[in-house]
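The task is simple: from the sequences and hints, build the whole structure.
Protein chains: 2
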Amino acid sequence: METKQIPSIVVGRLPVYLRALEYMKREHRQVTSSQELAERLGISAAQIRKDLSQFGEFGKQGTGYDIENLVTQLRAILHINRVWDIAVVGAGDVGHAVARYQGFTDRGFRVAQIFDNDPSKIGSQIGEFIVRDSADMLEIIHQAGIKIAMIAVTASHAQDVADQLVKAGVKAILNYAPITLNVPPEVHVQYIDPSVHLQRMAYYLG
Amino acid sequence: METKQIPSIVVGRLPVYLRALEYMKREHRQVTSSQELAERLGISAAQIRKDLSQFGEFGKQGTGYDIENLVTQLRAILHINRVWDIAVVGAGDVGHAVARYQGFTDRGFRVAQIFDNDPSKIGSQIGEFIVRDSADMLEIIHQAGIKIAMIAVTASHAQDVADQLVKAGVKAILNYAPITLNVPPEVHVQYIDPSVHLQRMAYYLG
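Protein chains in written order, with the working numbering: chain V, 1 to 206; chain B, 1 to 206.
Note that these hints are calculated values from the structure, not bench results. It is possible that some hints are incorrect.
Simulated pairs of lysine to any residue, SDA-like, Cα-Cα distance not exceeding 25 Å [unchecked claim]:
| hint | chain 1 | residue 1 | chain 2 | residue 2 |
| --- | --- | --- | --- | --- |
| 1 | V | K167 | B | R40 |
| 2 | B | K171 | V | V196 |
| 3 | V | K147 | B | Y203 |
| 4 | V | K121 | B | G92 |
| 5 | B | K25 | V | D160 |
| 6 | V | K25 | B | Y203 |
| 7 | V | K121 | B | G103 |
| 8 | V | K50 | B | Y203 |
| 9 | V | K25 | V | G59 |
Listed below in structure tokens is the structure:
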């Protein structure tokens, strides 16, 4: 199924479909339709059918989608029918919030390590974690085989941290630092910068 | 300048250009080029020139962009040559982190109010803020004329909160709750859900 190249914009919508389906599942729903998903998500039913059809046949004309089955399939397609360990770099406010965040549960991820370079933070406890020295980060991440990391350090340190993470074998970075990272093409980066999101909307507020 | 419709994908890149330019400005740089921005941002120089040209003439062939001037212009285009007050709804971990977040400073925004419906949180202090009762939210936001809000409540409460915010006159919502919101077309929504970002990358980790 994955030999053909799926556009990244389609891949980007799959987690949104999955999130809606898992919400319906928690509401003990069993069947849905592209029309219902369209209303919930503000994406056209035709687009949803087209996106899903790139990965296989999930629904029958007239009977809709079996929610449980589609959730299972989407989790497999997204490779989250397993739990990925995550390393968090930076034990400031954002690092704290991420380490304590309950929203990863059942969504394929768990925070496994948290690092900082500040001697006053190293050894301190955040939730169930002891903050470790980022000087040991490369070795610990490499040995643990961690492939996903979050960067929650200042903009001026973020590129250095990213370089080390790449050396340690990390292949996906969720970057909270307000700077664009330069990484090799095989490493994926996503950005969370609330100011960027807000500025994008402020444009329309006029 | 803004009578023609600019594609939202172009608008979405402006804050990223601005962020890079402000970083250069802090490094006491005075001039940059579309080539340098391209290298920093992983966006082609031609795309950057084309995007910026939609809003006016900012650079001269051969001499590049005056950083200070382009920052000033982009801030005006994005309507962040002023400070927007923000209401935060939800005083949990995410609300805490947002209320204490230093990254809004000088980027056009400041948290002005934080609300929760939990009696044990109402009246408590977060940084410089006293958490207010979300029962009073509609009136307070309306009276203060606040146009931007962040939702940091659970998925099951988020739509109710969004409905109230819209009634109160909010026109832009940054939603941290893991659910897609239904709002009228004139209200803008952006989403921050770290699990969605991570799932999107996990697809490629295989």
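Satisfaction of hint between Y203 of chain B and K50 of chain V, Cα-Cα up to 25 Å: The hint holds at about 18 Å.
Holds or violated: K147 of chain V with Y203 of chain B, Cα cutoff 25 Å? 13 Å, holds
K167 of chain V and R40 of chain B were given as a pair; does the straight-line alpha-carbon distance stay at or below 25 Å? Holds - the C-alpha atoms of R40 of chain B and K167 of chain V are around 20 Å apart, at most 25 Å.
Assess, step by step, whether the Cα of K171 of chain B is no farther than 25 Å from the Cα of V196 of chain V, and give holds or violated. The given pair, whose Cα atoms are some 17 Å apart, holds under the 25 Å limit.
Would the hint linking K25 of chain V and Y203 of chain B be met if the CA-CA limit is 25 Å? Holds, at about 22 Å.
Given hint G59 of chain V paired with K25 of chain V - CA-CA distance at most 25 Å: 16 Å, holds
Keeping to a limit of 25 Å between CA atoms, is the pair of K121 of chain V and G92 of chain B held or broken? 22 Å, holds
Could you grab the alpha-carbon distance between K121 of chain V and G103 of chain B and see if it respects the 25 Å cut-off? 21 Å, holds
Given the hinted pair K25 of chain B and D160 of chain V, is their alpha-carbon gap at most 25 Å? 20 Å, holds
In this structure, every one of the numbered hints holds.
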